[in-house]
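Colleague: In case you want the letters, here they are:
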Amino acid sequence: MSDKNPCENAGGPIDIHAYLGEFDDIPGTRVYTAQRARQGYHLNQFAMSLMKAENRERWKADERAYLDEWPMTEEQKQGVLARDYNRLLDLGGNIYFLAKVFSTDGLSFLQAVSTMTGMKLEDYQAMMIAGGRSPEGQRSIKEHR
Amino acid sequence: MARITHGIACSHIPALGVASDFDKWEDPYWKPIQQGFAPTQKWEAENLPDVVILVYNDHASAFDMKIIPTFAIGCGESYKPADEGWGPREVPDVEGHPDLAWHIAQSLILDEFDMTIINEMDVDHGLTVPLSMVFGKPAKWPVKVIPLAVNVVTYPPPSGNRCWALGEAIARAVESFPEDLNVQVWGTGGMSHQLQGPRAGLINAEWDNMFLDKLSGDTQELRCIPHIEYLRETGSEGIEMVMWLIMRGALGKETRELLRFYHVPASNTAVGHIVLEPVNGDVPPSATVEGAATQEQII
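Line order of the protein sequences matches chains A and B.
Numbered as in my numbering, the first sequence ends at 145 without a single skipped number.
Numbered as in my numbering, the second sequence ends at 299 without a single skipped number.
Excised from the complex, chain A in its bound form (with noise of 0.2 Å):
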């Protein structure tokens, strides 16, 4: 890094397929991108609607009848259905959009977020009194740190 410029690439575009691919590398983390921005696109704004009050009604009254409003994949309805927040991450899902379906069940985000780590809420909680979990091994699939 010299004193005139900052950061080495700030003078022109990073390589956007370096950029991307760096992230699969990453342990237990979807990182939402364009990809899974266009995939989840429909799911993401169902669970948008729930934003509002009388939408949160028709949806507790028949959630089947309510995601069938929606142009979503029978996986992901699926998905929504079982609360399955992994596997709706992997078919395109956003945590903060996600969130509108667990806020309406009741559940915090600390509740909701437990669930997809394989951990027991109390068990999760501990965890992070502690100081949550260390990043150690957790950085790098490949490089294994």
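A few of these clues could be false.
Unchecked claim - Computed footprint of chain B on chain A; a stretch qualifies when at least three of its residues, placed anywhere within it, have a C-beta under 8 Å from a C-beta of chain B:
no.	stretch
1	38-49
2	106-118
3	124-130
As the list claims (entries may be wrong) - Listed below are the simulated DSSO-like cross-link pairs for lysine-lysine, each with C-alpha atoms no more than 30 Å apart in a straight line:
no.	chain 1	residue 1	chain 2	residue 2
4	B	LYS80	A	LYS52
5	A	LYS120	A	LYS60
6	B	LYS214	B	LYS140
7	B	LYS66	A	LYS52
8	A	LYS77	B	LYS214
9	B	LYS140	A	LYS52
10	B	LYS214	B	LYS42
11	B	LYS80	B	LYS137
12	B	LYS31	B	LYS42
13	B	LYS140	B	LYS31
14	B	LYS24	B	LYS42
15	B	LYS253	B	LYS144
16	A	LYS52	B	LYS24
17	A	LYS52	B	LYS253
18	A	LYS77	A	LYS60
19	B	LYS144	A	LYS52
20	B	LYS31	A	LYS120
21	A	LYS60	B	LYS66
22	B	LYS253	A	LYS60
23	B	LYS31	B	LYS144
24	A	LYS120	B	LYS24
25	B	LYS42	B	LYS140
26	B	LYS42	B	LYS137
27	B	LYS137	B	LYS24
For the record, the hints were derived by calculation from the structure and aren't laboratory data.
Beta carbons: idealized from backbone N, C-alpha and C, even for Gly.
Here the structure of chain A is known, so what remains is to put chain B in place on it, guided by the hints.
Modeller: Here is chain B on its own, set in the frame of chain A:
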């Protein structure tokens, strides 16, 4: 002439809003956080600005997937707290400063930052939680607020370098506003956290404290951190910290730290907070990275 007096960075964890709204600060889980912010509340009351430019991200509240602005500035008269799925927070409406906001919006666009302009929107916890942490529970917020929303949800978010440069452009815009106003810039979100997938719960106190350290002084190292480093080191949602760099860029060449607080956890997240004062508030004359062209060439 308007001037930037200070910068504040603050996590905007929704659970902090719940703790404030339902008076949970005496609870042993929340007490350390209340104590951590008490010096800031006192300091802010003694150093109250007229306007806060509040950099935050919307969490699928005002914006859905239909439109994703990278940088958006609120030029409206006022903003209501958003209903995020459990009813709106019972906090005061947020009063804007349309004169300064429109001045900044125009200045930024002329300075080659292609802003999205928002006249009407609701504001979610990203904006209202920092207000609660710094001002407590007043009947009316004691400052006017210009919301500046950044996309940090759909990749790619803006680079740290671009955020820093936007901060510098905001400083130029504020300095050219003729009215005598004290302005603070707040950067919100972070610190390390991951809300999704099997790696959820990741916290990196060492990295977070490195980040806090390098906000002071004259180093510009933080603007060069690539997205992948935030993702690997600070969890998938740690990327929110690029928003702190808009605040830091707006404070100019050199800063000093007045107050700092760091605590793990609140809910899934590391709470980070810092108050900075400009020592040398100079910013380069254009969005060109400083030194890439000489001042004479730019003019």
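Colleague: In ascending order, which of the hints set out earlier in this document are inconsistent with the structure?
Modeller: Hints 6, 8, 17 and 22 contradicted; others consistent.
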